[in-house]
Amino acid sequence: MSIYRDAKYADVAPAEKLRLFNEVKADFRWHHVLYGCYECGICTASCPSARFYDFSPRVFAQIMAREDIDSFYELLNDVMWSCSQCFSCTRCPRHNSPGGIITIMREVAVNNGLDSAKEALKAYSRIIYKVMSTGTQVAPDMLQPDFFPDWGPDVKRVSENLDVWRRAIPPDTLHTTELAWDVSDKTRLQLYMIFKLTGNLEMIENIDEGIYMILEEVMESLMDEKDLDIDDFENILEGEEEAEH
Amino acid sequence: MSHASNGAPTVITPPKVAERIFKRQGNPEKEDYREQLFELEAKGELEVIRVPEPYVEVETKFGRKKKIPLEHTWHHKSCGQCGHIPGYPTSIFWLHRQFGFDYFDPKDQTSCTAWNYYASSTSNPPAQASIAVRNFSQAHVDGYFPFIHCGTSYGHYKETRDQIIHFPKLREQVRRIMDRLNMPFAFPEEIVHYSEWLHVMRDRIAERKVLDLSNVTVSVHPACHYHKLIPEDAIYNDDIYNGQRTSVVTGIAQALGAKVADYSNWHDCCGFGFSHILVNRDFSRSFAAIRKIERMKEEANPDLVLAHDTGCLTTLDKSQFATRAHNRKVGIPVMSDVQFAALAMGAHPYKVCQLHWHGVDNKPLLEKMGIDHEKAWAEFEEQAEKIKSGETQFMTWEEADA
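Chains as they are written, first to last, in this note's numbering: chain H, 1 to 245; chain Z, 1 to 402.
Read the hints as simulated data drawn from the structure, not as lab findings. Please note that a few of the clues may not be correct.
Unchecked claim - On the chain H side, residues computed to face chain Z include the following (Cβ under 7 angstroms):
no. : residue
1   : Gly113
2   : Ile128
3   : Gly135
4   : Gly152
5   : Ile169
Cβ atoms here follow ideal geometry from the backbone N, Cα and C, with glycine treated the same way.
Please model the complete structure; the sequences and the hints are all you need to start from.
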């Protein structure tokens, strides 16, 4: 039973809420992010998101410590993506990390393909594609005036001069426009193998099937070019948890 | 309220903040990560990449001595810095070149991918740890020591170190993945951020400064992931803020002779928020402008904000343009401590420090620093024109120094 009279998601089965809650609690980091809560509020006082959203890291610590699965489900779906992951909340005198609780909750939301996670990450997919296919997350060619109108006319100036200005940077590795720096094919492929071997590709599939399919196609053709067999790099961690129980 | 011996109430007035004297009384018990890594190495679980000589020892938050290498460094670049604030890594390299220090700028390096992880969680600890270890191991194979440019990489890699030390199963997973990649499992003795290197080099840099910065007032914005995320091995000095705040960034500004102006919400985040800066920019903009820049303007009125992480620099700089429309008190140039240090030592503002990628108008600041920005821009444009016309393909270090 929620501590909040107006708690949402009354139509979702308690068993489903409990399953997700237990998935969060089963994470190996769980006992390093929550030790209890004095309810002092220092985490919320230093939280940037608390100033502009209906968001409180203290509520996360309290709800999770009380094992209030109804309110947990609401935080999981409606609130947690507001967290800035700055970890200002680690000022906690109890040594809690509300930001760390949220990191785990977000992973559970992605692994379960929750609609709320898909919605929260909809506008973010291009970054996921970029990092997974290139190994760098912020490319110079992302600086387009139509995407950053609020950053002023300089974005247009940078965009118009991008190729020349990038070549007018002294270090050799920075003469790039699609990558932050020149990443070797060998290293890009090793990164992709890590994502494959650890099941990260399945996580992307849960959230955005379109991005997943493009990513697979692009990276598998690069592997083909290098005479690497994709079948040699299937998720080696898959089934590990089930096997243990 | 207490009472004196005659029974009269005694009013106790706490000392003013400026009059308080803080003195460390011993060190709190904290884990020594170095010892734990060496124990794992002795058991054959991983290789520890030693801090190469020459190094400087500095004091951390709780008094441990941390080794900061001066050279033989493998530059773990930052996706944000290299992506859209290129004067940042260029200034780091330029300073190394000025001191004749051996360094390596690898292509066999990925991002730490922590930006994506904090923004989207479309990853997991085994992947994040393997990415860290792959980068570190590549540095080891190349014969250099990892040197971290990004504040978030620095914090995230320390989280990873914590997990690798404490969770044998995670170590085993990483081991299997590294075996699959035919890479060793190497981890550095210390995780070192570039601003720590700048801090220990501050007096040597100050000896070679060519600008008088005594009329320049700076306010410092520290990166959350530098001093809040696994805070134990961030650098603190008793002579900077009485050891109550991390001393990087502030230390180099002071050494260069600039005035450091304090402000009340120094500890607050910039509002970057990982996904927020891209998809909830109204939040990032509001927090950066209203909570940070306006407070600095009101309380310190600085000529410049110095930061040491891409996310902070981006958020504080880019958030000021649209905010001007609402007549907010904004308009302070933002740059990194290393760009400021390079300028002080005579680096070219556009060929080296690449200040044309920044949003807020920094020309009045450059004039105050005694830099002829019009001449410098003409020199940059001359080089850019050579590239545009096909006369040269790239700008070289020699041309940047000319």
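Status of each hint after checking the structure:
For H:Gly113, the suggested interface contact is broken, since its CB lies about 11 angstroms from the closest CB of chain Z, more than 7 angstroms. With its C-beta approaching chain Z no nearer than about 6 angstroms, H:Ile128 sits inside the 7 angstroms limit, and its interface hint holds. Annotation: interface hint on H:Gly135 holds; nearest CB of chain Z at approximately 3 angstroms, less than 7 angstroms. The restraint placing H:Gly152 at the interface with chain Z holds, with a minimum CB-CB distance near 3 angstroms, inside the 7 angstroms limit.
Interface hint at H:Ile169: satisfied, since its Cβ lies 5 angstroms from the closest Cβ of chain Z, which is below the 7 angstroms cut-off.
Checked against the numbered hints given earlier, this structure breaks only hint 1.
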